[in-house]
Amino acid sequence: AQSVTQLGSHVSVSEGALVLLRCNYSSSVPPYLFWYVQYPNQGLQLLLKYTTGATLVKGINGFEAEFKKSETSFHLTKPSAHMSDAAEYFCAVRRVGFQKLVFGTGTRLLVSP
Amino acid sequence: EPEVTQTPSHQVTQMGQEVILRCVPISNHLYFYWYRQILGQKVEFLVSFYNNEISEKSEIFDDQFSVERPDGSNFTLKIRSTKLEDSAMYFCASSEAGETEAFFGQGTRLTVV
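Keeping their order, the protein sequence lines are chains A and B.
Everything in the first sequence is counted per the numbering used here, starting at 1 for the first residue and increasing by one.
Everything in the second sequence is counted per the numbering used here, starting at 1 for the first residue and increasing by one.
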C-alpha cells in the first residue's frame with residue numbers, strides 16, 4: 001500500500017528565508033508525485049507534479065521539488081518565502097495506472113515579517 | 001480559467017437524513033472524483049468515476065454512498081443516511097484523463113448534527 005509522510009505539521013519561516021517542506025513516500029513502484037496547496041477557505045491547487053523525466057520539477061509561485069528515488073523523497077522548496085505563501089501544503093502520490101491520490105497529513109507554512 | 005465548482009459551500013443536516021452534494025466538473029474532463037477531509041485529518045480518496053461507472057473506490061465508500069452524473073454537467077455524491085462521523089469537508093475533483101492531474105473544487109463542508 002502507498003503512504004505519504006510529511007515531517008512537521010507546522011513550519012515557520014521569516015519572509016525572504018528558504019522554505020523546505022519535507023515529503024517521503026512509501027510505494028512498491030515509483031509513483032507519480034504531487035504537491036498541492038490549500039489557501040484558507042479554498043480548494044486544493046496543484047503546485048507541481050513529477051511523473052517521468054527530469055527529477056527536478058518547477059511549479060507555480062517559484063516552488064520546486066526534487067524526486068530522489070534512493071531516498072524516496074519529494075521535498076518542496078522555495079528560495080525566498082513571501083507572506084502570500086502562508087497556506088497548508090499537501091504532498092500526494094498516485095500509483096501509475098490508477099487515479100486514486102494518497103495524501104499526506106499536510107504541513108502548515110507560517111511566514112512572519 | 002476553467003474551474004470545478006461545488007454547491008453548497010456549507011450544508012448542515014440531521015443525523016439519518018439523506019444529503020446530496022453537487023459538483024460541476026471542468027467541461028472537457030472525463031474523470032471525476034470525490035475526496036473528503038475530516039477536520040484535522042488527511043484528505044482521503046472516496047471514489048473515481050469514468051464513463052458513467054465507478055472506476056475505483058476506497059473502503060470508506062460503502063453502501064450508504066453513491067455517485068451519479070445525472071446530466072452532462074453535474075456530478076453528485078449522495079449519502080443516504082448521514083452519521084455524525086460523516087461530518088467533513090468534501091472535495092470534488094476532475095481530470096482530463098486518468099493519467100493527468102486532478103483539479104479540485106473549493107469543497108462542501110458537511111456538518112451532521
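Each hint should be verified, as a subset may be incorrect.
To be verified - To give a feel for the contact side, a few chain B residues facing chain A, derived at Cβ under 8 Å:
hint: 1; residue: Lys-42
hint: 2; residue: Gly-105
hint: 3; residue: Gly-107
To be verified - Computed far set for chain A versus chain B, every beta-carbon distance over 12 Å:
hint: 4; residue: Gly-8
hint: 5; residue: Leu-46
hint: 6; residue: Thr-77
hint: 7; residue: Gly-106
I should point out that these hints are in silico values taken from the structure, not numbers from a laboratory.
Idealized CB from N, CA, C, for every residue including glycine.
Status of the hints after comparison with the structure:
1. Lys-42: 5 Å, holds
2. Gly-105: 5 Å, holds
3. Gly-107: Holds. Min distance 6 Å.
4. Gly-8: 14 Å, holds
5. Leu-46: 5 Å, violated
6. Thr-77: Check passes; 20 Å lies beyond 12 Å.
7. Gly-106: Since the minimum Cβ distance to chain B is about 7 Å, Gly-106/A lies within 12 Å and the statement is violated.
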